[in-house]
Each structure stands twice: as structure tokens, then as C-alpha cells.
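Assemble the complex: chain A is given as a structure, and chains B, C and D with the ligands must be docked to it using the hints.
Here are the chains, one letter per residue:
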Amino acid sequence: MAELNIDIAGLKLKNPVMTASGTFGYGAEFDDFYDISTLGGFVVKGTTLHPRQGNAYPRMAETPSGMLNAVGLQNGGVKYFADHIYPGLLKYNTHILVNVSGSTVEEYIACAELINELEHISGIELNISCPNVKEGGMAFGTSCPAAVAVVNAVRKVYDKHLMVKLSPNVTDIAEIARAVEASGADSISLINTILAMAIHAESRKPVLSTITGGLSGPAIKPIALRMVWQVYHAVKVPVVGMGGIMNATDAIEFFLAGSSAIQIGTANFIDPLVAKQIISGIDDYLERHKFNSIKDLIGCLQL
Amino acid sequence: MAELNIDIAGLKLKNPVMTASGTFGYGAEFDDFYDISTLGGFVVKGTTLHPRQGNAYPRMAETPSGMLNAVGLQNGGVKYFADHIYPGLLKYNTHILVNVSGSTVEEYIACAELINELEHISGIELNISCPNVKEGGMAFGTSCPAAVAVVNAVRKVYDKHLMVKLSPNVTDIAEIARAVEASGADSISLINTILAMAIHAESRKPVLSTITGGLSGPAIKPIALRMVWQVYHAVKVPVVGMGGIMNATDAIEFFLAGSSAIQIGTANFIDPLVAKQIISGIDDYLERHKFNSIKDLIGCLQL
Amino acid sequence: MKKTVQNLQVISNRRLNKDHALLELKSDVILEGIVPGQFANILVDKTKNVFLRRPFSIYQVDYKCNTIFILVKNIGEGTKCLSNCRPGEILSVIFPLGRGFSMPEKKSKVLLVGGGVGIAPLLLLANILHDDHHLVEILIGARSTDDLVELNEYARFGTVHTTTEDGTHGTKGFVTNHALFGHDLITFDRIFTCGPESMMKAVARLARLNHVACEVSLENTMACGYGVCLCCVTETTKGHRCVCTDGPVFDIKQLKWQN
Amino acid sequence: MKKTVQNLQVISNRRLNKDHALLELKSDVILEGIVPGQFANILVDKTKNVFLRRPFSIYQVDYKCNTIFILVKNIGEGTKCLSNCRPGEILSVIFPLGRGFSMPEKKSKVLLVGGGVGIAPLLLLANILHDDHHLVEILIGARSTDDLVELNEYARFGTVHTTTEDGTHGTKGFVTNHALFGHDLITFDRIFTCGPESMMKAVARLARLNHVACEVSLENTMACGYGVCLCCVTETTKGHRCVCTDGPVFDIKQLKWQN
Ligand SMILES: Cc1cc2nc3c(=O)[nH]c(=O)nc-3n(C[C@H](O)[C@H](O)[C@H](O)COP(=O)(O)OP(=O)(O)OC[C@H]3O[C@@H](n4cnc5c(N)ncnc54)[C@H](O)[C@@H]3O)c2cc1C
Ligand SMILES: Cc1cc2nc3c(=O)[nH]c(=O)nc-3n(C[C@H](O)[C@H](O)[C@H](O)COP(=O)(O)OP(=O)(O)OC[C@H]3O[C@@H](n4cnc5c(N)ncnc54)[C@H](O)[C@@H]3O)c2cc1C
Ligand SMILES: Cc1cc2nc3c(=O)[nH]c(=O)nc-3n(C[C@H](O)[C@H](O)[C@H](O)COP(=O)(O)O)c2cc1C
Ligand SMILES: Cc1cc2nc3c(=O)[nH]c(=O)nc-3n(C[C@H](O)[C@H](O)[C@H](O)COP(=O)(O)O)c2cc1C
Ligand code: FES
Ligand code: FES
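Chains as they are written, first to last, in numbering that gives the first Met the number 0: chain A, 0 to 302; chain B, 0 to 302; chain C, 0 to 258; chain D, 0 to 258.
Just chain A, with the same shape it has in the complex (with noise of 0.2 Å):
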């Protein structure tokens, strides 16, 4: 066994593989499939200050090597998170951060204050690259002032692990990772979903009821590649990465990019057990190599 653990910004993970926000329920849902204890963490969904009903069905459209969402924070407000979720959160033995959405400033403040509270929670991450909702959410991840604006005032009123997770839907990601740093980031995460379209050509319509979702899965691996690449030499944080991950292989190369740590999104729809396949397939790599850490990985692509 090499050493799988990493310290994000004193985030100390047992192993560098989470599961991404949106992807992997409030966790129980894995219950069946294997301990989920044994990640290095896991996110859950996107959280509101308010419930949200979410946007209406049709919210998925399968696409090359990929789908689209539009699922639009489908949540319960981060009041009912605390009361009802949060409990059966207590017995899993790992990092647990809740991604946070809002449409305002204040809506992010009220919903960081909320979790700051709950012990059990390790960090925020700060979703600020959301595509699927109309106002708010990406706007605050496509331009530098506006993410500036809530990166810091969520740092205000937040003590514990900030993660700041960025949209691919700009022209310069490395421009929006520094603000993000100078505001307070602990560390920082990417990429969200790319801003997509499916037409269903037979009944000339939109597939989603949205128009437009987010693209992910592998499709957009080596673009979310390329970002973490770009980011990684910008800022000094830890860069958590994401985007297409489907295999160990594919985690590999998101380290060697510059990654601390990574996330499955997707691909836990296609093998729920693909987040635990994919820690042992670190370690087998790390043996095989000679390499004693997945430290030795970081950024530590061969030009």
C-alpha cells in the first residue's frame, strides 16, 4: 500500500478521491453498494437558503459520451439539511462537505452561517458555477468582481474548509481561480458542468424543458483537464479536480494535471462502485511505478 493520504489545506483526507455534488445523493443511497466511509470525502447536493423544487422534467439528455442535467438544485433549503439530513450524515467516517448555491450575497451568507454550525460538516463548497438555475449561480463564476463578492463574504462568516468550485464557461479560468484565492479559498475545485444543448431532431425540440444544461462526463475530461493544468499554475491552493473522471487512469492524469484530489461525478451513475474501484486503481498504479505517495503525482507531469 503507498500512501493515499493527502492534506488539502489542512482538509486531511484518508485517500485524494471525493464524490462530486449532484452525483452522489445525501450518500445513503450508497449504503447497499459499499461503505463509502472508505473515500477520501464526498460532497452533497447543491443547497439552497430556500427549498427548491428544481426545474421541470425532461432534466437529463444523454449526449456523446455524456449527458446533460438541468436538474436546477432540486433541494429541500439548508434549514431541512440541518434537521433531517444531517443527523444520518453523523455515522460515516470521512469528510462531508455541502456545496452551496444561492442567487444572492445574502442567500450565500445565510446558508454558510447555517453550516457553520453543524459539527460534523467539514467544509463548504461554494458552488458559484452553477448553469441550470436562472439567476444567480454561474453569473457569480464568469465574472471576477462578482465571484470576489461572495468568495469574501462567505469567508466572513465561514471558519472551516472553503472550497470555491469554478465554471469552465469562461474565457480565462486561471484569471478566476487567482480572484478566488485572493478572497480566502482554502482550495479550489473544478470544473462544474459546460454550459450545453440537445435538440431532439424527430420532434424539433429542445430535449431539456430548460433549453439549455450542463454537460458532463467524459466528453469534457480532457477540457476540465486542461483547466486544472491552467489553474494549478495560477494559484498556490490546493486544486481539487473533476470532469470525466471514469477510472483510475482517467484520476491519474487529473493528478499528474495538478490535482490534490479529484472527484467522480458521473461516472457513479454508470458503476456506483466506481469511487471505491477507482482508490484501489491509485494504489495499484502508485505500486507499480515505485512511487510512495500519491504525493509524488502532483503536478508532476513530464514536459
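Don't read these hints as lab results, they were simulated from the structure. Among the clues, some could well be false.
[To be verified] Computed cross-link-like contacts, BS3-like style, restricted to lysine-lysine with a CA-CA straight-line distance of at most 27 Å: (1) D/Lys45 - C/Lys17; (2) C/Lys45 - D/Lys72; (3) A/Lys204 - B/Lys294; (4) B/Lys204 - A/Lys275; (5) C/Lys79 - D/Lys45; (6) B/Lys155 - B/Lys204.
Showing chains B, C and D with the ligands alone in chain A's frame:
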């Protein structure tokens, strides 16, 4: 037979199917396969003022439902094109556009001036979006002032059809499209490849000699469709859509999103006959759905 | 039974007619207590054009041979690929998923109404209801006689009635045109139905009018099949609910089907 | 022969050893004049993980049966998928592609040197050289005796010599350790070689030292295979040239291999 002809701001195509720059050589490579005069048109390789050797090998990486390329505009220069390639193009009875790139506005101008002399060339596709050259290229397509400068300058010296090809690597594609339209573009084509990266996990090296390259193929289709849809609603000039079109169904989706014509790129590599098959597939669709003309589809997505 | 991801071996693949195939898949894990109406989410890996798994009802279970059966109607790339799979091939299957039909507590007279490939979840249901000594009537609707498959199987567990749109088998018309939907409908304690949405809505409407309890099994596009993506929602009286976990079987009282 | 896109039927698929398979593919179009060293670009559609076609040398042609043969070494997803294809399956193949080996004009003594699956283009070459009455010596290098396939086929067209790295067959070592590369090398008029780049470079170096003409068949990653993508370039004395159209066979004088 439904009516397939379409007028793109004066460019009268016998059908809306063109092939994309960099994926169709100079046309002659297809002579063994089919009579390419049956195409609505084709765009020859990226051409620059001076000859270019292109980037070092490896220039290609396969990715999920797509590929990266980093060819880097290998070409003999516009003078070589005019003297040695152009004569061979005279035999084709279809619209031929030359894709023009440059590192400075002056290079674009000089290149366009020379092409303006070539009678059998129907237009220029101005490439302000190539991610594979160090200087210029994509930089012109990712900022409005730069795009305006180059389009304005070329418009002054070029009399025939000026199609401007946009980069998808931007926060707001509609904004760039409007700027390009205002600067005198006759039509807008999109999307060029998306900046991306591939890593070989076993060797821990980038797959491409240039580290990053341009992603094309079905993987990017949902992103391309979204951008075509956005640009169609932002400008009045005709839009020529491309990005991952593999078959007639994909093509129909692009018409519905607002393309007046389409270009086939990467699909040519997988099936050299694909453009021909897409033309007949579009015809079949129109017949089956009882449309008289391709014009009945353009932008007709039902919301 | 707990939901699991298993590699099942294709034991046989029987072509029933031009577009239906019946797969028998063997498990290495002891199968137990699969509820009729539950489904399996199958990975289709022998084609470029399918990315997500495809959901299929569990058609029948052979606890002795430890196999499950899947009835596949070929309508697109994924179903085509599955209906061409060969004995010996391995399929990755997540099952059993979802909430199935609820079993009547007292001895009941029940009507099962299936349309098209919507008959799939009704065989196991008929089987279990029959074994539990309920009185089972089965009504199967199709476009034409060529589209009717496996009627003999259903007949083992109850009386089978049919309707076809072209009148080539049974009553001509839709299922709701069948005499069973006449004034005797009230003699049924419960209706279970699965098929095209328009059919299920028509059945639900008549059930409601006649105050007969009714459960419907919904179809939907799914990304995960086990409740984590929230893509498969349907509008219920309690807001958006996932078809894959809160369903696919819903009591019509839970749904917002008003007419 | 003009290059064409054809649907070829798999006539047979013979497993030669654990990682080599030999496919026979039948064409409906009359095959003519395929040059040794030319290749075919094959679509692999029964897997999600392959997007582009895969290039393979044309191993042998049976003009009577109108079939071509492809020798496949299983090294990744695409080759694995192809080496599992079954008789009756249809493969989309673009062929013949590229520039093959050049035939000596006068009666010559030639040496064919193949390493690993690099032997593939050399069988048809040996066949034609033999039919043209040239004197053919064939040297095949492999890691171990288990990796040697089809030696009898080659023996039909010339004298076969072998080297293995572990000494389990023929001379122990690399091809360039074989006695053929001793002082008699100058008796050859020409060397044709295909295999791993390091092997070809070693062969080319000795050919150059001994002033023996030498042609090498290069491998390369290709997107199109017929000259339109410019992805497959190699550095030549005239700058970047496409391996798929200017090659895959190059005279070593064209290449920038200096030592
Ligand atoms: C719980 C459940 C149980 C099921 N049980 C069974 C079963 O037992 N047997 C069975 O055969 N099937 C069953 N199905 C249906 C089955 O899952 C689908 O037929 C299958 O997923 C289709 O996959 P495909 O790849 O073949 O088709 P696809 O290629 O994915 O699509 C099929 C067709 O749908 C059309 N389509 C796609 N998107 C849209 C859109 N937005 N609007 C309109 N049309 C669209 C396409 O044009 C295409 O013709 C069940 C479904 C569910 C949810
Ligand atoms: C002209 C020509 C003729 C050929 N003839 C034959 C023939 O007759 N028979 C034959 O069997 N093969 C032949 N080949 C080779 C054959 O094309 C390849 O083996 C095949 O394309 C591999 O496809 P795959 O999907 O199986 O492997 P892939 O999965 O694509 O890759 C195979 C391996 O290469 C490694 N790899 C990929 N990219 C890189 C990189 N950047 N750096 C280092 N390693 C990398 C991967 O790790 C993987 O293990 C020929 C090739 C050419 C160009
Ligand atoms: C169905 C679905 C729902 C998602 N919901 C959220 C969310 O609530 N918050 C968020 O930050 N990201 C959300 N994402 C984005 C993922 O967390 C991840 O960033 C993205 O899918 C890319 O990774 P992948 O390709 O591995 O899926 C969602 C993705 C999917 C597919
Ligand atoms: C190998 C390759 C070379 C390309 N060269 C050019 C080029 O010279 N100029 C240009 O504008 N676009 C170039 N492109 C981009 C294509 O024209 C097209 O915009 C892009 O590939 C998206 O379409 P597709 O997904 O159908 O390939 C190239 C693409 C590929 C794959
Ligand atoms: S399909 Fe994912 S929640 Fe139902
Ligand atoms: S592979 Fe495309 S030019 Fe050679």
C-alpha cells in the same frame, strides 16, 4: 427531392453541407472517394501569409468521442497556395473558401489581399479562433476589440464573402458574434475546437508536443449546439454551425438551432463519404417530415 | 433484496418476434424476494452510441436456476444492442431497483392492464398474485396481433384478454374499449397498469371514476436509476419525486393526473 | 487500386497465440494491385472506447477469393475488439492506403527484417519479391519463442532466420545481433524493415554504414489515414511529411535519423 439550396448572404450554396477547414485537405484527397462538387462548398486548410511547418509530432490524441489536434496551421503559405494549389481547385464546381489565419492584423490583410485575386475562391473564412499557434490565432477571437480590429481590417481589403469563424473558448460568445457582425462579417461560422489537453498516465507525459490542443468531434456537439443557438439569437447574419456533426440527425439539430449551413469536420476522418451521406440524409428528413425546403428548418426549434 | 451491481451471464436470448427478445441472465449471488415492478439498470457496452445504463423491468425470476428474465423491445441503439447479445456474454446489471407494486392484503380480484412492452412488469406480478390466490384478469393491448408476445405465459396465471388497434386479435380498439372497462369494472379491488402514458392516463381516469384502486408503473429517462441524480422526477402531490426510487410504481392518488 | 471505403465481411478469425489474431476479410469489389506496405484503416465500432479508425498493414491478399488478411496484435482496446470479431461480422475498412515498399528493378538479394507485429507488412512483400525471382532472406525478431507467429508462411517465400531476446528461438539478442548483420551485410542490395522504432533505427544505422539501400515502414498515430488531417507527420529532409500518404514506407535517406 426537397429544396436544399440556400443563400448565405449572397453565397448561393446548392445544399447546406460544407466541409470544415483542416479536415478536408485541399479536396483532392477525396477524389478517389466521391465527386466533391456535389457539396454545398468546402473550406480549405488554414492558410497563412508565410509558410508554416506546424507543430512537432505528436499532434493528435484520441479522447472520449473526440480527438485533440495540434497541427498548428502547417501550410505552404498563401503564395504557395495561389501558385500550386489553386489551379487544381478550378475543376471543382462548388464554392471554395479559404480559411485564413495570422499572427498580426497585417498578416491577415496581406493574406486576404492575395486571395481576393483568386476568382474561383468564393470567400474567406477568417479564423480568429485557432488554439494551436502561439502568437495571435485564438487571441483575436477571445476579445471583442481584437476581433473587431482584424475583421474591420480584412473587410476593407476583401470584396467577396467574409465568413468569420469564432472561438468557443469565451465566456460570452454572443458578445463576440455581435462585435464581428458590426465589423462587417457576411456570415459567422462556429465553433472552432475547444482548448483541451490529454495526458498519458503511464509515461506521465502530455500526449501532444504542445501540451494543449483543440478538441473536436461528437464530444463537443452539445456545446456547439448551445453556442450556435446563442449566436443565432444574437445576430442577423447567417450562421454556419459545426462541431461534432457525424450524421444527418446531428445536422438537423444544427439547422434547428439556427444554422443556415453546416460544416463537417472530424467526421471526415472516420468516414470520408460522410458529407455526401449527410446531404442525402437531410433530404430524407425533409421528405419524411414533409418540408419543402431546408429553409423551413433553420432556427425552427419548437419551444 | 439489497440493490447490487452484478455481472450476469446471458444464458439465452430468444427472439420472440421482429422486435422483441427475451433474455435470461444468471446471477452468482442467491436471488431473493424481488418485488414485481422493480427494475434492473443494464450497461450496454458494445456500442459507441450509448453512454448511460438502460432500465428494464424484471420480467420473471427463476429462483431455482437463479436467473432473471428481461423482455426487450428494440426501439433504439441500446435495446438493439441488447437484443443482439449472445449466450455467454456478460452484462453489468444493477438490480433490483425501485418500488414495485403493492400486494393486496386480503384475497382480491385484480385487473392487470398492459400496453406494448408495458406488459413486462406484469408477468411476475401475475405470477405472485396467482400464487397468493388472488383472482387475476389480464388485459393486454397492442397495435396488431404481430405485436402480442408471450400470451401463453400470462395465461398460466390468470385469464388473458386482448385488444388490438387493428382488430386482428381480441377486441378492436384500445384497452379501455374492452368490456372489462364496462360496468363490471367496479367488481375489481385493484388495477395495476403499465404502458404508454396516454393509455395509463385513460385507465387511471376510469379507475378513479369507478373508485377502483389503481397503481401505475411510469417510464422515464434515467441517468442513475437509484436516486442520486434527481433527473427522473415526476410531478406528485408532494412535489417532484424520483421515478427510480419513489416509483416506478405510483398509486394514482399520488400523481397529478387530473382527467 | 483506388482507395475505397468498403464493408468487408469477416470470413475467419484465427487466434495464432495469446495476443495475435489473423483476420480474413472479404470484399465485394474486385481487388487489384495492392502494394506490399500499404495499409487499411479499420473502424472499431463494438466498443465505447475507440473513436478513430485503427491502421493495420495489409498482411496478405488472396486475389482468387477476393480477400485480404490482417494480422492483429492485441495491445489495447481497439485491437482487442478486432481480435474478438466473429465470422459474419462486417467491418468498415478504408484501403489500400499509403505508399508501399518499392520493388527492386533488377534481380536482387534482399533482406527483410521484422520485429514484433512489424512483421505484418513483410509477408506480402516476401511473397511478391519471391514471385519476381528475387533472393529473399527474412529475419524475424521477437522477445521469446511464444511471440513468433506464422514462421511457416514466411518460409514459403524465403529463408527465415530468427532472434529472440531470451534465446528461446534462433539467435539470442536483437535482430542486429544476428550474423546477417555481420560482414556479409554488404552482399544485400536492399533491406526492408518494419518494427519498433529503436529496432528500425539500429537496422538503418548498419544499412547506412554498409551502404545498403534501406526502406523502413513507420508507425504513427493517425486520425484520417489518407492525408487530410496532417496529424501523422514525421520529420524528413523536406520537412514534415505525412506517414499515411508519403509513407508509411520511407527510404532512410529521406528521414532525419542520424545515428
Ligand atoms: C422503469 C422502466 C422499466 C422499463 N422496462 C422495460 C422493459 O421491460 N422492456 C423494454 O423493452 N423497455 C423497458 N423500458 C424502456 C427502456 O428503458 C427504453 O426503451 C430504453 O431505455 C431505450 O433505449 P435505446 O437506447 O434503445 O433507445 P434510445 O436510442 O435512447 O431512444 C429511443 C427512442 O426514443 C426517442 N427519444 C429520445 N429522446 C426523446 C425525446 N426527448 N422526445 C421524444 N423522443 C425521444 C428517440 O427518438 C428514439 O427513437 C423501461 C423503462 C423504465 C424507465
Ligand atoms: C501504418 C501502420 C500499420 C500498422 N500495422 C499493424 C498491423 O499489421 N498489425 C497490428 O497489430 N498493428 C499494426 N499497427 C499498429 C496498430 O495500428 C495499433 O496497435 C493500434 O492502432 C492500437 O490500437 P488500440 O486501440 O488497440 O490501442 P490503444 O488503446 O489506442 O493504445 C495502445 C497502447 O499505446 C499506448 N499509448 C497511447 N498513446 C501513447 C503515447 N502518447 N505515448 C506512449 N504510449 C501511448 C497506450 O498506453 C496503449 O497501451 C500499424 C500501425 C500503423 C500506423
Ligand atoms: C445530475 C447532476 C447534478 C449536479 N448537481 C450539482 C450541484 O448541485 N452542485 C454542483 O456544484 N455541481 C453539480 N453537478 C456537477 C458535478 O458535481 C461535476 O462538477 C460535473 O458533473 C463534472 O464532473 P463529472 O464529469 O465527473 O460528472 C451536477 C452534475 C450532474 C451530472
Ligand atoms: C485536424 C484538424 C485540423 C483543423 N484545422 C483547422 C484550421 O486550419 N482552421 C480552422 O479554422 N479550423 C481548423 N479545425 C477545426 C475544424 O474546422 C472544426 O471547426 C472543428 O474541428 C469542429 O468541428 P468537428 O467537431 O466537426 O471536427 C481543425 C480541426 C481538426 C480536427
Ligand atoms: S434516475 Fe437518477 S434519481 Fe432517478
Ligand atoms: S493520418 Fe491524417 S494526414 Fe495522415
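Hints, verified against the model:
1. Between lysine 45 of chain D and lysine 17 of chain C, the direct Cα distance comes to roughly 22 Å. Compliance with the 27 Å bound is thereby established for this hinted pair.
2. For the proposed pair lysine 45 of chain C and lysine 72 of chain D, the alpha carbon gap of about 20 Å is at most 27 Å, so the pair holds.
3. The hinted pair formed by lysine 204 of chain A and lysine 294 of chain B meets the criterion: a straight-line CA distance of about 17 Å does not exceed 27 Å.
4. For the hint linking lysine 204 of chain B to lysine 275 of chain A, the alpha-carbon distance of about 26 Å falls within 27 Å, and the restraint holds.
5. For the proposed pair lysine 79 of chain C and lysine 45 of chain D, the alpha carbon gap of about 13 Å is at most 27 Å, so the pair holds.
6. Between lysine 155 of chain B and lysine 204 of chain B the alpha-carbon distance is near 45 Å, which puts this suggested pair outside the 27 Å criterion.
When held up to the earlier numbered hints, the structure conflicts with hint 6 and nothing else.
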